[in-house]
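Listed below are the residues making up each chain.
Protein chains: 2
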Amino acid sequence: MNATAPHGNTTAAAGARLGEVIAALETLLPAESVIVDTEPRRVYECDGLSAYRQLPGCVVLPNTIAQVQAVLRLCHEHRVPVVARGAGTGLSGGALPIAEGVLLSLAKFSDILEIDPLARTARVQPGVRNISISEAVAEFGLFYAPDPSSQIACTIGGNVAENSGGVHCLKYGLTVHNVLGIKFITSDGELIELGGQTLDSPGLDLLALFNGSEGMLGVIVEITVKLLPQPPVTEVLLAAFDDVGAAGNAVAAIIAAGIIPAGLEMMDQGITRAAEDFVHAGYPRDAAAILLCELDGIAEETRAQLQAVEQILRDAGASDIRVAADAAARARFWAGRKAAFPASGRIAPDYYCMDGTIPRKCIAEVLERISALAREHELEVVNVFHAGDGNLHPLVLYDVSQPGELERAEQLGGRILEACVAAGGTVTGEHGVGVEKINQMCVQFSSAELTQFHAVKAAFDEHGLLNPGKAVPTLNRCAEFGRMHVHHGQISHPELERF
Amino acid sequence: MNATAPHGNTTAAAGARLGEVIAALETLLPAESVIVDTEPRRVYECDGLSAYRQLPGCVVLPNTIAQVQAVLRLCHEHRVPVVARGAGTGLSGGALPIAEGVLLSLAKFSDILEIDPLARTARVQPGVRNISISEAVAEFGLFYAPDPSSQIACTIGGNVAENSGGVHCLKYGLTVHNVLGIKFITSDGELIELGGQTLDSPGLDLLALFNGSEGMLGVIVEITVKLLPQPPVTEVLLAAFDDVGAAGNAVAAIIAAGIIPAGLEMMDQGITRAAEDFVHAGYPRDAAAILLCELDGIAEETRAQLQAVEQILRDAGASDIRVAADAAARARFWAGRKAAFPASGRIAPDYYCMDGTIPRKCIAEVLERISALAREHELEVVNVFHAGDGNLHPLVLYDVSQPGELERAEQLGGRILEACVAAGGTVTGEHGVGVEKINQMCVQFSSAELTQFHAVKAAFDEHGLLNPGKAVPTLNRCAEFGRMHVHHGQISHPELERF
Numbered sequence: 000m001n002a003t004a005p006h007g008n009t010t011a012a013a014g015a016r017l018g019e020v021i022a023a024l025e026t027l028l029p030a031e032s033v034i035v036d037t038e039p040r041r042v043y044e045c046d047g048l049s050a051y052r053q054l055p056g057c058v059v060l061p062n063t064i065a066q067v068q069a070v071l072r073l074c075h076e077h078r079v080p081v082v083a084r085g086a087g088t089g090l091s092g093g094a095l096p097i098a099e100g101v102l103l104s105l106a107k108f109s110d111i112l113e114i115d116p117l118a119r120t121a122r123v124q125p126g127v128r129n130i131s132i133s134e135a136v137a138e139f140g141l142f143y144a145p146d147p148s149s150q151i152a153c154t155i156g157g158n159v160a161e162n163s164g165g166v167h168c169l170k171y172g173l174t175v176h177n178v179l180g181i182k183f184i185t186s187d188g189e190l191i192e193l194g195g196q197t198l199d200s201p202g203l204d205l206l207a208l209f210n211g212s213e214g215m216l217g218v219i220v221e222i223t224v225k226l227l228p229q230p231p232v233t234e235v236l237l238a239a240f241d242d243v244g245a246a247g248n249a250v251a252a253i254i255a256a257g258i259i260p261a262g263l264e265m266m267d268q269g270i271t272r273a274a275e276d277f278v279h280a281g282y283p284r285d286a287a288a289i290l291l292c293e294l295d296g297i298a299e300e301t302r303a304q305l306q307a308v309e310q311i312l313r314d315a316g317a318s319d320i321r322v323a324a325d326a327a328a329r330a331r332f333w334a335g336r337k338a339a340f341p342a343s344g345r346i347a348p349d350y351y352c353m354d355g356t357i358p359r360k361c362i363a364e365v366l367e368r369i370s371a372l373a374r375e376h377e378l379e380v381v382n383v384f385h386a387g388d389g390n391l392h393p394l395v396l397y398d399v400s401q402p403g404e405l406e407r408a409e410q411l412g413g414r415i416l417e418a419c420v421a422a423g424g425t426v427t428g429e430h431g432v433g434v435e436k437i438n439q440m441c442v443q444f445s446s447a448e449l450t451q452f453h454a455v456k457a458a459f460d461e462h463g464l465l466n467p468g469k470a471v472p473t474l475n476r477c478a479e480f481g482r483m484h485v486h487h488g489q490i491s492h493p494e495l496e497r498f
Numbered sequence: 000m001n002a003t004a005p006h007g008n009t010t011a012a013a014g015a016r017l018g019e020v021i022a023a024l025e026t027l028l029p030a031e032s033v034i035v036d037t038e039p040r041r042v043y044e045c046d047g048l049s050a051y052r053q054l055p056g057c058v059v060l061p062n063t064i065a066q067v068q069a070v071l072r073l074c075h076e077h078r079v080p081v082v083a084r085g086a087g088t089g090l091s092g093g094a095l096p097i098a099e100g101v102l103l104s105l106a107k108f109s110d111i112l113e114i115d116p117l118a119r120t121a122r123v124q125p126g127v128r129n130i131s132i133s134e135a136v137a138e139f140g141l142f143y144a145p146d147p148s149s150q151i152a153c154t155i156g157g158n159v160a161e162n163s164g165g166v167h168c169l170k171y172g173l174t175v176h177n178v179l180g181i182k183f184i185t186s187d188g189e190l191i192e193l194g195g196q197t198l199d200s201p202g203l204d205l206l207a208l209f210n211g212s213e214g215m216l217g218v219i220v221e222i223t224v225k226l227l228p229q230p231p232v233t234e235v236l237l238a239a240f241d242d243v244g245a246a247g248n249a250v251a252a253i254i255a256a257g258i259i260p261a262g263l264e265m266m267d268q269g270i271t272r273a274a275e276d277f278v279h280a281g282y283p284r285d286a287a288a289i290l291l292c293e294l295d296g297i298a299e300e301t302r303a304q305l306q307a308v309e310q311i312l313r314d315a316g317a318s319d320i321r322v323a324a325d326a327a328a329r330a331r332f333w334a335g336r337k338a339a340f341p342a343s344g345r346i347a348p349d350y351y352c353m354d355g356t357i358p359r360k361c362i363a364e365v366l367e368r369i370s371a372l373a374r375e376h377e378l379e380v381v382n383v384f385h386a387g388d389g390n391l392h393p394l395v396l397y398d399v400s401q402p403g404e405l406e407r408a409e410q411l412g413g414r415i416l417e418a419c420v421a422a423g424g425t426v427t428g429e430h431g432v433g434v435e436k437i438n439q440m441c442v443q444f445s446s447a448e449l450t451q452f453h454a455v456k457a458a459f460d461e462h463g464l465l466n467p468g469k470a471v472p473t474l475n476r477c478a479e480f481g482r483m484h485v486h487h488g489q490i491s492h493p494e495l496e497r498f
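Chains as they are written, first to last, in numbering that gives the first Met the number 0: chain U, 0 to 498; chain X, 0 to 498.
Keep in mind that a hint or two might mislead.
Note that the list lumps identical chains together, so a pair holds whenever it fits in one copy or between two copies.
Said to hold, decoys possible - Derived BS3-like pairs (lysine-lysine); straight-line CA-CA distance at most 27 Å:
(1) Lys-360 / Lys-182
(2) Lys-360 / Lys-225
(3) Lys-337 / Lys-182
(4) Lys-107 / Lys-360
(5) Lys-225 / Lys-337
(6) Lys-182 / Lys-225
(7) Lys-182 / Lys-107
(8) Lys-225 / Lys-107
(9) Lys-337 / Lys-360
Quick caveat, the hints were computed from the structure, so don't treat them as lab data.
Using the sequences plus the hints, can you model the full thing?
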């Protein structure tokens, strides 16, 4: 939307269009499926990125595909924007509502439609919670692999929209690697089916395109996921290091040895201590960093890999290596990692979680750069991350009650992401771009590349009605961001100078 | 192009535009890189689908990215179509030239640019042969997994364009699962980079979209592939069955047991006998069908899986099970499978290879349906296929010198693909759509779905200059195809009635 937008795009006109849509929705849907009162709308004003809030114009909760089609057709006809929402656990503001728009909740699409243990697939509605799939198929010895930390709450539709990862995605892949097919509704209300039960499908690979598309291309109403056999044996080991760089190098050495652990996580001293104090996982409080490594498979294979990993860790200088003796011990090792985000509340009132990804070989170098940036911004950063796939989650600690700290934290976060790009990485590993990292997309991509993204977006959504303003910045915005980064004709960020 | 195209689209006008492009190319590129003489152009008149032939308007062989950009800019400016070509081994006519167009060969892009054994990646040019990558990285104990039968000749650029598979894709995935990044040139000459060394990348997943896009979206000039560690142990077993259905059910049972073989191939009696007579692989000539199963991994795991597979095969009614004793025996077992296509030349002068994919559980049912269709068309069909992933390769045998046989073979091929779709499968598993299966795409997809494909294509190539007429049919074409299928108001194909 530029400054010379026609008068039809004023807020008043947009409000009038929304009013027409609401009136029509109230005749089309059951009364309890259209929320216009302010208080119940507040539930939807933010997702997991709670620093950004916006009350939606209205909320609809359809419970049939035909109703979703009707909502989208109406919004298309009246040019009213639509933001789809699953459980609202996203961390990048991807489900942030629009004041003059419709918030379309898929909460009522919560059925598992079919489980085929022979084909090892499940056909589910988008509002099914991630963990519910694994629970439902456990009786067949199967599980659904991607396991974001929010898996007890987040829904599979949101997982597809964000291409969610988790601890196990190093071995078992991201959501895109575990989704076989979807049905979605286009911005003008058509039902389209992509993929299916076969390994490949002819035509353009629109299925992969949907994974991580952050609600920009269509509204997903059904998903077929791949199920995997539960591994017969699991082992978890914990290694302590006196030096963060040595821990980073150990990660690279494990992968270089041809071993793909089911999970390979790293925590620095700050977050190790916070987690230990919080859940008493048995972590060494004096280690500069710890690694958690999970191996799974048949007994012989897992044992062989465990021995190999122990040797690599010793060679890399681990000061202490412990193998969990049983399921309870394994759960305790993981409990600290899983509680890392809330545990950071013990050391600071607020935290800002970043999600950059870097080549594994740069872990030590980028961690040092993050320390330097933190000192420069006079803030503390603790690091907990999916080390095996180079996906960092630096937590910038701050206190929102201290004037200027939130702004400094956001600025530092942006600098950290730019450092990830400079190292050959990306601004997001699994949390999506949303509204949070939209400026950093200007650092990641060229104008030609962003233009191509916009062209593909327009091929699905000509009028830009689906989740506008998220995920892909306009070229105008990038020009503006570029100007902010330049002082006296000089690019001010050392990170950007490397481009 | 419709019947009322403006006069600028007559053949004469198109020829004039091509003439202008050729004149400009001759000043831009070295003389040996622009082929206009008829005889040397003949080399490019078909790919592996030799039934379709067309002399290209001219052939260019650029050897730098800047030259590819110049060629595309020129063609864009003059609205001249461009068909990109790798080794020309494709089986669906994807590289079929256009009379008034440019054939852009990537043959000179044949360098391996970088091997990173630690990150386990290789950065290569598109004209590098598939097998050259595995050869180059063997010294590091690594290999590149997708292995189409044509791997000694086909190039990695063509593999990406067709999303090629191979014997090992059941375990290691298709090309899309093994490509980490590409650089491509847009239809108007911009260089765009997608993906990289990290597991995920922000923005829309255009990288996956490129895999299998059949040259419609851009011209790939660089590819970063994932490398895998060579498995320490490999076992191959052969099982004979007196009944084709029992062999099909054995395949489903192996997968259902949670075992993912490195390869799981099936051959029926016709092709088993032809292959045995051709290469003396030691196949049982009296079996109704044979299965070849390859297992790989560490010694203990592979041994455990071998025992499990043997038991499953016995339970499924295998009459004979043999495990290859050594590397020579393993090579002999595979030699027959790899020579299956040429071996069919012993039983018929010509063959037409289909590439449908079906859910594994339908193998027995679809094979019966294919037999019935073959009888109806008075032609013989032999079957050799990637059973583990349900990817059928029925070979329709015919004699082109017998009037009407080619037409009958094509008709039967179409019916077979439609039967695959009716069983919940797709019209292509790994050979692409090209010109060969374009009518069957009308059976596979709805008008809304095809419209979405066209919109995405247009987002990359507004003027439809890149490989026009391939892969995705126009709605007009489908309407025409639909009319051909209806006689006296009745749909004539039993396959279609199931939709």
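Cross-check of the supplied hints:
1. Lys-360 / Lys-182: Intra 39 Å, inter 23 Å, cutoff 27 Å: inter-copy only.
2. Lys-360 / Lys-225: For Lys-360 and Lys-225, only the inter-copy Cα distance (16 Å) is at most 27 Å; the intra-copy one is 31 Å.
3. Lys-337 / Lys-182: Cα proximity of Lys-337 and Lys-182: none, with 33 Å in one copy and 38 Å across.
4. Lys-107 / Lys-360: neither (44 Å within a copy, 32 Å between copies)
5. Lys-225 / Lys-337: Within one copy, since 25 Å is at most 27 Å while 30 Å is not.
6. Lys-182 / Lys-225: within (15 Å within a copy, 30 Å between copies)
7. Lys-182 / Lys-107: Within one copy only: 16 Å inside, 42 Å across.
8. Lys-225 / Lys-107: Within one copy, since 23 Å is at most 27 Å while 40 Å is not.
9. Lys-337 / Lys-360: Classified as within: same-chain Cα gap 25 Å, cross-chain 39 Å, threshold 27 Å.
Violated hints, in rising order: 3, 4; the structure is consistent with all others.
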